[in-house]
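Protein chains: 2
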Amino acid sequence: MRKVDVCLTPELLHLYGVKNRVVVIVDILRATSCMTVAIANGVEKIIPVAKLEECQSLRQKGCVGAAERDGKMPEGFDLGNSPLAYLNNAYAGKTIAMTTTNGTLAISKSKDAEEVIIGSFLNKTAVINYLISQPNDVLIVCAGWKGKVNLEDTLFAGAVVEGLKDHFEIENDAVIASATLYNYAKKDMLDYLSACSHVKRLKNLHIQKDIEFCLREDQFNVIPVLKEDALVDMEKLVLT
Amino acid sequence: MRKVDVCLTPELLHLYGVKNRVVVIVDILRATSCMTVAIANGVEKIIPVAKLEECQSLRQKGCVGAAERDGKMPEGFDLGNSPLAYLNNAYAGKTIAMTTTNGTLAISKSKDAEEVIIGSFLNKTAVINYLISQPNDVLIVCAGWKGKVNLEDTLFAGAVVEGLKDHFEIENDAVIASATLYNYAKKDMLDYLSACSHVKRLKNLHIQKDIEFCLREDQFNVIPVLKEDALVDMEKLVLT
Numbered sequence: 000m001r002k003v004d005v006c007l008t009p010e011l012l013h014l015y016g017v018k019n020r021v022v023v024i025v026d027i028l029r030a031t032s033c034m035t036v037a038i039a040n041g042v043e044k045i046i047p048v049a050k051l052e053e054c055q056s057l058r059q060k061g062c063v064g065a066a067e068r069d070g071k072m073p074e075g076f077d078l079g080n081s082p083l084a085y086l087n088n089a090y091a092g093k094t095i096a097m098t099t100t101n102g103t104l105a106i107s108k109s110k111d112a113e114e115v116i117i118g119s120f121l122n123k124t125a126v127i128n129y130l131i132s133q134p135n136d137v138l139i140v141c142a143g144w145k146g147k148v149n150l151e152d153t154l155f156a157g158a159v160v161e162g163l164k165d166h167f168e169i170e171n172d173a174v175i176a177s178a179t180l181y182n183y184a185k186k187d188m189l190d191y192l193s194a195c196s197h198v199k200r201l202k203n204l205h206i207q208k209d210i211e212f213c214l215r216e217d218q219f220n221v222i223p224v225l226k227e228d229a230l231v232d233m234e235k236l237v238l239t
Numbered sequence: 000m001r002k003v004d005v006c007l008t009p010e011l012l013h014l015y016g017v018k019n020r021v022v023v024i025v026d027i028l029r030a031t032s033c034m035t036v037a038i039a040n041g042v043e044k045i046i047p048v049a050k051l052e053e054c055q056s057l058r059q060k061g062c063v064g065a066a067e068r069d070g071k072m073p074e075g076f077d078l079g080n081s082p083l084a085y086l087n088n089a090y091a092g093k094t095i096a097m098t099t100t101n102g103t104l105a106i107s108k109s110k111d112a113e114e115v116i117i118g119s120f121l122n123k124t125a126v127i128n129y130l131i132s133q134p135n136d137v138l139i140v141c142a143g144w145k146g147k148v149n150l151e152d153t154l155f156a157g158a159v160v161e162g163l164k165d166h167f168e169i170e171n172d173a174v175i176a177s178a179t180l181y182n183y184a185k186k187d188m189l190d191y192l193s194a195c196s197h198v199k200r201l202k203n204l205h206i207q208k209d210i211e212f213c214l215r216e217d218q219f220n221v222i223p224v225l226k227e228d229a230l231v232d233m234e235k236l237v238l239t
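Listed in order, the protein sequences are those of chains A and B. Residue numbering for the first sequence follows numbering that gives the first Met the number 0, starting at 0 and increasing by one per position. Residue numbering for the second sequence follows numbering that gives the first Met the number 0, starting at 0 and increasing by one per position.
Calculated directly from the structure, the hints in this document are not laboratory data. Some hints here could point you the wrong way.
When chains are identical, the list treats them as one kind, so a pair holds in a single copy or across two.
As the list claims (entries may be wrong) - As a list, the in silico DSBU-like pairs of lysine-lysine whose alpha-carbon atoms are at most 30 angstroms apart:
hint, residue 1, residue 2
1, Lys-44, Lys-110
2, Lys-18, Lys-199
3, Lys-185, Lys-50
4, Lys-2, Lys-202
5, Lys-71, Lys-108
6, Lys-199, Lys-235
7, Lys-235, Lys-110
With the sequences and hints as input, model every part of the structure.
Written as structure tokens, this is what we have:
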């Protein structure tokens, strides 16, 4: 039976190992939510980069520059980290260079995986159905906050585990913990998360609408997948 | 207001910092449960050491040698890691040299703290009352399993957080997550933990009695505290 495991922060990734596994990157507030919306709204590809300088350099070569540090957009970029900015095909056909505090680091640490896909509540069922359909073990990698565990990514990991539990064997206690937390919180995730540190941080930045949007389930039937250092629409990849 | 934080594995301890904090070391199955029972049953002191060789060397100098690796006692020691062995004052007045897979590492990584104390379900309320009575911030350090997060230590962290929440400010999401998990599981922790990896591991070693014992709350009104590289009874320390 295939196995599913959960790594609660990239800081623990060296204890797992990504080889021969499909890795699901999770950064609910807000990197992987942004990526989901962007790809669903026709963005051609997203190049995740670790540093602001790389992002600026790609921007000067013609990419749209999306950057976030500590929840805010640094000066000199086109976009911050709001998923709402990509709605209505606002950036359809464009290539986005994106750097965020946690999410892009989780991607770069997972590059040796069999496949790297992007998960968020917005494409939850698409992700679950894809994972069930493919043959490999699964590792869900939560981006966390500066190395520490966060609640919103853990809840999403639990949501995926719930979807996979009849098809996959559970590997570690973090899998059980995340599923318990999701089942506890799912009736009103916004209420449960209102006490959590990153939601407090974002509320201070007046982006309550982003938070509410990122917690909606199954808005898009799309899976961003990493292909040669850029995220693209899995469906388009299959067709080409 | 004083703060309470939870570090879910020693592998993340570098992100926290122990200075000026009281650190509570948690290794429910079974190191800190053993330490609680031992001190409550008159053991003079416990010297936690990282390596089997150090433990053996102290044993040859007259200590009782307690050693555990992967749940089992290696050859050539006096005791394994069963808390039941210390009952009925079996080792009263003795000095124990102790090495375990996870717990003793968590202690050695926390040595720069203001104070290091030992927590387990067996002395839960004694630990909570002491933490409320003293002036410092608190960091609960779960020993985990070989660097990964485990359920039983997380549940105990949540139990302590529940006891402290009216007196301490919550610092991070791991604090909220652990309290939610404890409140969910507390009615029947043995049942909840029956799916968890370490309980499965220990069941295979036929030490079900140890597991049941380690989950009993408030059996002993005692706090082992680290004093010059050895754990001693806090009450005796105050008297001398």
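Checked hints:
In this homomeric assembly, Lys-44 and Lys-110 come within 30 angstroms of each other (Cα to Cα) only inside a single copy, at 17 angstroms, whereas the closest approach across copies is 49 angstroms. Taking CA atoms no more than 30 angstroms apart as the test, Lys-18 paired with Lys-199 passes between copies only; the shortest distance there is 26 angstroms, against 36 angstroms inside one copy. For the homomeric pair Lys-185 and Lys-50, neither the shortest alpha-carbon distance inside one copy (34 angstroms) nor that between copies (44 angstroms) is at most 30 angstroms. For the identical chains of this complex, Lys-2 and Lys-202 are inter-copy neighbours only, at 21 angstroms across copies versus 37 angstroms inside a copy, given an alpha-carbon limit of 30 angstroms.
With identical chains, the CA atoms of Lys-71 and Lys-108 are at most 30 angstroms apart within one copy only, with a shortest distance of 23 angstroms there and 35 angstroms across copies. In this assembly of identical chains, Lys-199 and Lys-235 lie within 30 angstroms of each other by CA distance neither inside one copy nor across copies; the values are 38 angstroms within and 44 angstroms between. In this homomeric assembly, Lys-235 and Lys-110 come within 30 angstroms of each other (Cα to Cα) only inside a single copy, at 21 angstroms, whereas the closest approach across copies is 55 angstroms.
The structure does not agree with the numbered hints 3, 6 stated previously, though it agrees with the rest.
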